[in-house]
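Student: Protein chains in written order, with our numbering: chain A, 22 to 467; chain B, 36 to 597; chain C, 407 to 807.
Just so you know, the hints here were simulated from the structure itself, not pulled from any lab data. Just so you know, these numbers come straight off a predicted model, no measurement behind them. Keep in mind that the hints are not guaranteed to be accurate.
[As the list claims (entries may be wrong)] In silico SDA-like cross-links for lysine to any residue, where the CA-CA straight-line distance does not exceed 25 Å:
#1 C:Lys793 x B:Arg373
#2 C:Lys451 x B:Ala383
#3 B:Lys323 x B:Asp292
#4 B:Lys323 x A:Thr177
#5 C:Lys760 x C:Thr528
#6 A:Lys270 x B:His201
#7 A:Lys331 x B:Ala315
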Amino acid sequence: MTGKISRRRVLRGTLQGMAVAVGMPLLDCLLNDNGTAFAGTGRPLPVRFGTWFWGLGYTPSRWVPQKIGADYDLQPELRYIEPYKHQINILSGFDVKLDGKPNTAHYAGTFGFRTGTAADEPDRSLLPTFDVTIADAIGNDTRFKSLEVASTGNNTDSYSRRTVNDVNPGEGSPVQFYTRVFGPDFRDPNAADFKPDPDVMLRLSVLSSIKDQRQSLVQEVGSNDRARLDQYFTSLRQVEQQLQLQLQKPPAAEACRVAGQPKEAPIGYEVGNVLANHKLFAELMAMALACNQTRVFNVVYSDSRSQLHKPGSTAIHHQYTHEEPIDKDLGYQIESAWFVERSMEAWTTFVGALAALKEGDGTLLDHTFVLAHSDTSFAKTHLVQALPVMTAGSASGRIKTGIHIAGNGEPVTRIALTAQQVMGLSVERWGGGSMDTNQPLTEMLA
Amino acid sequence: MKLKSIPFVCIAGALLAASAAVGVYLAFLSPGEPAARGGPAVMRRISEAQYRRSIADIFGADIKIAGRFEPEARREGLLAVGSSKVGLSATGFEQYYNLARDISTQVVDEQHRSLLPCKPQALNAPDDACTLTVLRRFGLPLLRRPPTEARLAELVEIAHKTTEEHQDFYAGLKMALVGILASPDFLFRVDLAGAGQDRPEQISLDDYSKATRLSFFLWNATPDAELLAAAARGDLERRSGLTAQVDRLLASPRLEDGVRAFFSDFLGFDEFDHLEKDGAIYPAFSPKVAQDAKEQTLKTIADLLVARRGDYRELFTNHDTFLTRRLGMIYGVPVDSRTGWDRFRFPADDPRGGLLEQVSFTALHSHPGRSSPTLRGKAIRELLLCQTVPAPPNNVNFAVVQDTNNPNFKTARDRLTAHRTEPTCAGCHRIMDPSGLALENFDGAGQFRPTENGTAIDTSGELDGQKFADAAGLGRALHDDPLAAACLVGSVYRYAVGRLVAPGERDWMTWLTKSFTSDGCRLPDLMRRIALSRAFYAVSGTPRGTQSAAVVPGTGSEEKRE
Amino acid sequence: MSSKCQFANGTAAVAVLGLIGGLYATGVDASASAPSDAPHTVQPKDTRGFVVTYFQTAHSFALTKQSEECPDGFTPGLQEVVLDSLPPGRLKDHVAKSMGDRISWAIRSSDPRMCLEPQDFTMPVSKEVQSTVAYGDNLDGVTTEDDPGTANSCAHRKFHGPTGELVDNQFYRAFGCVHAFNGNVAYSGNLIEDQHHAGRKDGEMTILIEVTGVTDDRNSGNVKVGFYSSPDATPYDGQGKPMQRASLSVSDNPRYRAMAHGRIVNGVLTTDPVDVHFYFNAVAPHKDSEEYFIRAARLRMELRPDGSAKGRMAGYWDVEKAYNTLFAHSFPRDLLAEASFGYTCPSAYAALHKYADGFRDPKTGECSGISTVYDVEATQAFVIHPKEDTAALAVTTTSNR
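Whole structure, please, built from the sequences with the hints as guidance.
Tutor: Here you go:
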């Protein structure tokens, strides 16, 4: 080691017993976010943010409320949200603007919404989805910067990504998710005793020795690979952060009560199993939020192409949307509508899981902001106009709830911009091409 | 980068050196082999299979690896190419870090300690010399090159401190091993260029990068001790030394592992992880059947292409394969072996012959509850012929496509009539559907059916001008299609180098494909030719440190299933 | 083992046993010999294989009104016997109150050896079926309802089949009035059958039938029919429906292989009589497993185009084996069956011997087989024979499958 202060030397003096403020530069990151450094008791409850995704949109005549504003009517496919209607906003009529770029089926809508820019084909975009941007800002003082789950069991069903090549995989198994979050590495924030593990310091020094490789490696690779190496080290820092948090007593979390390991349904795309596992994920994610394991989450109920299927059907949901004739009397596709209704049922389950946990003067849902969306409005023709979007929770009073806002063809980026601002990011404008906007949804802001 | 004026003497000297170098360079080429400048250096994340193989090879097969792996990405048709694009998410690093801890714990536990190259002088005190010995011993194969002294010293220090803290030598050793197992140069294979090569046309991988690329290509495994030793001696710089190692690797039974890994990628077998069939419609199909189907095809390929050194094109026409009883239920044939594999031969006139009629193709490219001529036709085009089928247009009127129970449309061919007659659909569907329709005797689980909804199935069609009456005819058409062989050659090369073919390699690729077909389409010969070529080890672009990634935009789109 | 079966009245059926022609290996493990490396291929065109998916004593009770069938009531089971034996009083009243109490009292107060050594106990006699219609075959060829017996059969009364012909079904006569054999009864009706069928689904008994020499699926005058036990489980899907196209191995043990001549006429297969042993992997006293031993068995089965088959098998069920598979239990707690199914082991044992009507021992004049008819359902399967077939040797043990 040349002249620079080796971290190992600093650690040497503090290994016996507690090791708190060791003067390592790394600790800066614990203190530099939005003033949510560890303050023990009395700190305000954190606002959480998350996305919820379902594939293949809705049936046009059966979802969009007719009344705009408060007290909106519930059309047949939305009737399930009735118990939580006053905490849910419907944002209809906002478009993904493609600016002539190809409407890549089940992709353009999803990533147009999440990155604010229409993608080329093939997509080589290096833009992050906005949930990652939010997590980068507010996710630095929790064990996990963000948590992703895929109710389909397929860990590539995830729409949270830093670049097109760096996707945050979704955990597909509720049992594995439970083990990851509440297993051996979980520190109960309400545990009476706290003793930092001296091993943590040693493990941190191992990670920092790995970081020492960065210099020599970066010199030897091309620019593309340099970016990938940087991303590797960013990910390494996440684990460092997790370890560093273990050195501090976690702030108490009154709503945190961990249940036993769940019993999961068979993993896969059969709709009954997806619904069952999604319910488990909803409960586990709510608990993870209540226990401050993360502030940012991304839930996928069905993938953007919805490979969900019913036992005994020769067709999957996706095929129904394209091949099922519109019923002469009812005026819509019956089987496709059935799948939409299951999606809305699942959404209600998710919102309900957050509403079920009492926290502070209200519920976890009150302190959360969930943004739900799909990849398309009318799946049969892959429409990305009028993308269906909903919010749930009032973000600790930062937004109004229980209203229907009609976008009238405005770009969907106004929604993501609003979300980022609500979560405290100082971002003025967002989106590219004709989706560039600097106008949040003021009707939703409190 | 500005051009400086170059003194005459230097130019002359440089020319002399250049011609000498060219002489050496040319000595590597086979007769008629065009020069190739190679492509950009790549950095490739190791796959789950490669990770497991490395740990098993280095620490022993009984080390349990119970972990979650970051998903891979398919780019330009191959996971191998995707490996040079993906980074590592936070979740992914967390998982690898936990795996590293888990593996290290096992490596130093009482059962495995005896396999370490030294014992500490005391169990409860540091022994830096022994730690160093162990780290050198494992660091070399894990990192695929000798770790630097500075790095080793750092790790020894960590082990030392940990041992003092815990009064346990092995706790310290474990900590140091984690330092290697979680490091980027274990998790990624980083191409490093050889030292002392300043001319663009001469740059090639350094010895250890050569060894790594070669070993992963032929065996899908990290270089073994002998190959690493050959790299250390500089053997791979010399034609004779390289040939000796290449032939050693080719002669080994582990060649089959490499061939299997290639075909698993090439044929898209990672989709098996998410393959589901409706249990009510196909009660005989289960996840175990899916695994057997994958294994059946890989065994068939290993037998035909490796053991018998057969012609690749015969995969589409040959009637010999391997079956288990579970597969027997799908194919409807008797299988003797109660728990294992039978060699099986379908009669010459049996429609169940080549690769296209195997369950790993028909069931994989189908829906959970029915077959799909379009998915199969698309797979034939994209996987086997390396052609791209454009994505469907979005504003299509799908009203003309009816459901399976419409009394007028009994077979898939009937239902897809609109595909062939509607102008917006026909362009692409004429490319895909005919070959897929030839396979309609095989339902969504790969089971043979002579009729659909009581109507006989018409399996006639055409592939790029070759007409056929049935699936066997389709197999022959594919056998005769020059694109099939070219697609294999291109795919093998892209798989081997982890990127697209670079512009400077185009002539060389043409030569490679010609040699392959004129010599009987033998896969081991192709692999040998690649492994011995200069092209395989060449790195293009500016000298080390300022290389730009000059990747040719691909013709293929990201792998998507419609 | 070899023996020939003789039939009276000129029925010149020849029983062909599994050892004929030395076709099969003995208990020697077939895989011990070097397997041929030649690839396997599709089934020969003249072969049709089946796996039995249902095999149970036929439901003759369905043919008659219960009042005619068992006018004197049902055979007393253990719980009735024990209850009757109690003197009147508080205990009897208490036990009489609930089924559960009757059953547990019956079990607790009975000698656990009762089923293992039934001949040592005396219990009330079985009630006999009084009606006159039943399924079956005319096994001994006698053409009068009052059958005086022959050199090979013992005196008994015949039934009339549904279409009027005379048939032998002494098993039905003996057990048709036992609750657990009679489907007309609400409590524990058909339970014996349900248990055996469940057992088959668990892989306890697998029977294969293979027809070779088929020239035409509807009419083939001269076929050979093999009956085999298999160590492989009968294949059922997740919904409990039989699955086709399974490959199932024939038992290595020649005891569990039999071969008969037959013919297919208008889609119906019939076979000449042959002795068959079917391996049955149930817990039985003294042995690890038991078997069905049906002498002079003959099959009549409709072969359908969809690969399934349905019919009946008739023959003389060896009474000792029948007792072991149906009634004998190794463990005291298994008196539960006796207590709740409506029989007692001693009376069942006695009934089997009393009503036995076939395979008369010339020395003692006693019959050791009881005429029985089974419902058989089957579906297509591939019958896989052991690799090396060597000359047969006599096999005397039944411990190998």
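Student: Determine for every hint whether it applies to the structure shown.
Tutor: Going through the hints against the structure:
1. A threshold of 25 Å between alpha carbons decides the hint, and for lysine 793 of chain C with arginine 373 of chain B the separation of about 12 Å falls inside it, so the pair holds.
2. Of the pairs offered as hints, the one joining lysine 451 of chain C and alanine 383 of chain B holds, with about 15 Å between alpha carbons and a cut-off of 25 Å not exceeded.
3. With a C-alpha separation of about 21 Å, the suggested pair lysine 323 of chain B and aspartate 292 of chain B falls inside the 25 Å cut-off, and the hint holds.
4. Distance restraint check for lysine 323 of chain B and threonine 177 of chain A: the Cα-Cα separation of roughly 22 Å lies within the 25 Å cut-off, and the hinted pair is therefore satisfied.
5. At most 25 Å may separate the alpha-carbon atoms for a hinted pair to count; lysine 760 of chain C and threonine 528 of chain C meet this at roughly 14 Å.
6. At roughly 23 Å between alpha-carbon atoms, lysine 270 of chain A and histidine 201 of chain B fall within 25 Å of each other, so this suggested pair holds.
7. Between the alpha carbons of lysine 331 of chain A and alanine 315 of chain B the distance comes to roughly 10 Å, so the proposed pair stays at or under 25 Å and holds.
The structure shown violates none of the earlier numbered hints.
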